[in-house]
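Asker: Each chain, letter by letter, is given below.
Number of protein chains: 2
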Amino acid sequence: MSELISVAVDAMGGDNAPLEIVKGAVEAVNEEPKVKCLLVGQSDVITSELAKYQFDKSRIEIVEASEVITNDEAPVMAIRRKKDSSIVVGMNLVKDGQAGAFVSAGSTGAVLVGGQLIAGRIKGVERTPLAPLIPTLGGPALLIDCGANVDARPNHLVQFAKMGSIYMENVVGISNPRVAIVNIGTEEEKGNALVKETYPLLKACPDINFVGSIESRRIPYGDADVIVCEAFTGNVILKLYEGVAGALILTVKDALKSNPATMLGGALIKSSLKKSLSGFTTEGNGGAPMLGLNGLVIKTHGSSKSIEIKNSILQSVVFSEKKISEKIARNIQTD
Amino acid sequence: MSELISVAVDAMGGDNAPLEIVKGAVEAVNEEPKVKCLLVGQSDVITSELAKYQFDKSRIEIVEASEVITNDEAPVMAIRRKKDSSIVVGMNLVKDGQAGAFVSAGSTGAVLVGGQLIAGRIKGVERTPLAPLIPTLGGPALLIDCGANVDARPNHLVQFAKMGSIYMENVVGISNPRVAIVNIGTEEEKGNALVKETYPLLKACPDINFVGSIESRRIPYGDADVIVCEAFTGNVILKLYEGVAGALILTVKDALKSNPATMLGGALIKSSLKKSLSGFTTEGNGGAPMLGLNGLVIKTHGSSKSIEIKNSILQSVVFSEKKISEKIARNIQTD
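Protein chains in written order, with the numbering used here: chain A, 1 to 335; chain B, 1 to 335.
In short, the hints are calculated from the structure, not lab data.
Don't be surprised by glycine CBs; every beta carbon is placed ideally from N, CA and C.
Careful, some of the hints might be misleading.
[Claimed, not checked] Label-pair ranges, simulated between beta-carbon atoms:
(1) A:246 x B:53: 23 to 29 Å
(2) A:303 x B:188: 21 to 27 Å
(3) A:197 x B:72: 22 to 28 Å
(4) B:261 x A:197: 50 to 56 Å
(5) A:66 x B:261: 50 to 56 Å
(6) A:197 x B:57: 52 to 58 Å
(7) A:203 x B:188: 36 to 42 Å
[Said to hold, decoys possible] Below, a sample of chain B positions facing chain A; criterion: calculated Cβ distance under 7 Å:
(8) 192
(9) 204
(10) 205
(11) 236
(12) 244
(13) 255
(14) 268
(15) 276
Could you build the full structure based on these sequences and the hints that come with them?
Answerer: Laid out in structure tokens, this is it:
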């Protein structure tokens, strides 16, 4: 039997921890025979959750961590002080090579800081972007960077483009992914200072399939697979996506409630509509990878259910099997 | 009889020129007895369009402009070379005081450049932002700046906040409008360098009702009336709004076509849904004002129909009556 791939999972992070987290780990183990999950957190709580399920006991292990970092805590301080928190313990498992990846639905700030300070960057990588998959009419696209390090420089964006391409090609399975830079027009001379400096560097980069600028209007239509931007812009895009979609769905729901005819109409379309709109959520894709680390860190939404946790764990298996960190290291070091 | 308010209108600009433009001007004159429209463009074309309608002939005048600036032309060059274009002639009417405002659905770049170079800035105004009204569940909000001048400085953003507040209070009729700055979190210490520098300046500004940071997720829910940002960010927000809404509406339409039951359901909800979604378009609001100029310049969407032209003309009347340019001048000069 070939060696198992170990994935550490933050059992204490997120709104639905530990219930949905433990459930997601069990589901992953039951679906993927190559994975072993290390559930990090308070062992008594995890043990009683695990008691609910049937699974191969040799492939789920509990790693004790007595503390929990909450969303209200200042990330740097929390990572420094809470040495026995599930995030710090989980990151250390990655650092020490005991796990190939760490999945957490906990505090985004703490996960980003922990990734940088503990898991550590690949040599040559200057910044470690957080890169969620966003839904488009053409399938998921990688929005890189949406993390905490704003005011990036052009060479950072070039590294994002390379790492994002490797991820989309190998983990998501998009061959020769189209890379575009977010801009306010499609002409080459358009943009702010950062985009104008970055554009020619991307154009000259031999390792990527650069297709030019993308206006935000075209992002939801799937015109690019790897959408490169600085983290402030990425954060605005990610959250506005969620906001506009949420507000529109509320509007549609209200319209359906306006009279008996629309209520009947609503009943007739409900399941079809739900199915269509579900293509416009990211749950099925798992969480957002933080790229450029020694090992993978995946941040899932704070409201994650078991399906996102399971998918993030399966994503981690592919990441390890395809040796993405090594590919990134080779690609960055040939600069 | 009190004096008429003259509004210059670019009869040649936009996808539906001159037909919808001339129609919009006629509708405005028929609705608002205080307005006189100066239709700028090729007089033979305009004359034959006007022949279709009934209206008070003393309140529509044709101002000849033989040239047309297209969307493909480089804006600065076009404004400099095409002295007899409808945009240049219209801007000169504002500069010379013959019109209080100029409305155009033509090239955004040329309108922005023409506004700055010809109409001229109010003394003390450093940048003249383009500020479209965007739809939210709480009514329209002003997104300022979405123009062409990226990489703004903190004091520019403070001026945007002041001008935007005056516009929303006096033209749109929102008393004590809530001003927020676009940010990647709501805590005061969050943001990129620009936001971190601007935040305390806005907080200290006595003339505005500053409510702090707004994450883009909350924009569609109407948490602020004046949404301040640098033009690159504003452009990304404006176009993504359009993109996500468009892609989602396509998705809903597809869902309704999936089988006979959903088609029946779709027929039952159609008019109610259309009405609800129309609240999520900006047509009824007219175009985007370019603020800080001596006079008003309004840029409407390239695909504008008569209703947007009419509403932009009516908006211009309010702007002139309430002496917004004078209010901005006073407010900026007390800095």
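Asker: Are the hints correct? Go through all of them and say.
Answerer: Results for each hint:
For the pair residue 246 of chain A and residue 53 of chain B, the beta carbons lie near 43 Å from each other, so the given range of 23 to 29 Å is not met. Our hint of 21 to 27 Å for residue 303 of chain A and residue 188 of chain B holds, since their Cβ atoms are close to 26 Å apart. Separation of residue 197 of chain A from residue 72 of chain B is about 26 Å and conforms to the stated range, judged on CB atoms against 22 to 28 Å. Roughly 55 Å separates the CB atoms of residue 261 of chain B and residue 197 of chain A, a value that falls within the hinted 50 to 56 Å.
Remark: the range hint 50 to 56 Å for residue 66 of chain A to residue 261 of chain B is upheld by a beta-carbon distance near 55 Å. For the hinted restraint 52 to 58 Å between residue 197 of chain A and residue 57 of chain B, the CB-CB distance of approximately 56 Å keeps it satisfied. The hinted window of 36 to 42 Å between residue 203 of chain A and residue 188 of chain B holds, with their beta carbons roughly 39 Å apart. With a least beta-carbon distance of about 4 Å to chain A, the hint placing residue 192 of chain B at the interface is held under the 7 Å criterion.
For residue 204 of chain B, the suggested interface contact is broken, since its CB lies about 23 Å from the closest CB of chain A, more than 7 Å. Hint on residue 205 of chain B is violated. Least Cβ distance to chain A is approximately 22 Å, over the 7 Å limit. Annotation: residue 236 of chain B was flagged as interfacial toward chain A, and the flag holds, the nearest CB pair being 4 Å apart, inside 7 Å. The beta carbon of residue 244 of chain B is positioned within 7 Å of a beta carbon in chain A (closest approach about 4 Å), and the interface hint is therefore held.
The restraint placing residue 255 of chain B at the interface with chain A holds, with a minimum CB-CB distance near 4 Å, inside the 7 Å limit. Hint status for residue 268 of chain B relative to chain A: holds, with the closest Cβ pair at about 3 Å, below 7 Å. Here the hint on residue 276 of chain B is kept, as its CB sits about 4 Å from the closest CB of chain A, short of 7 Å.
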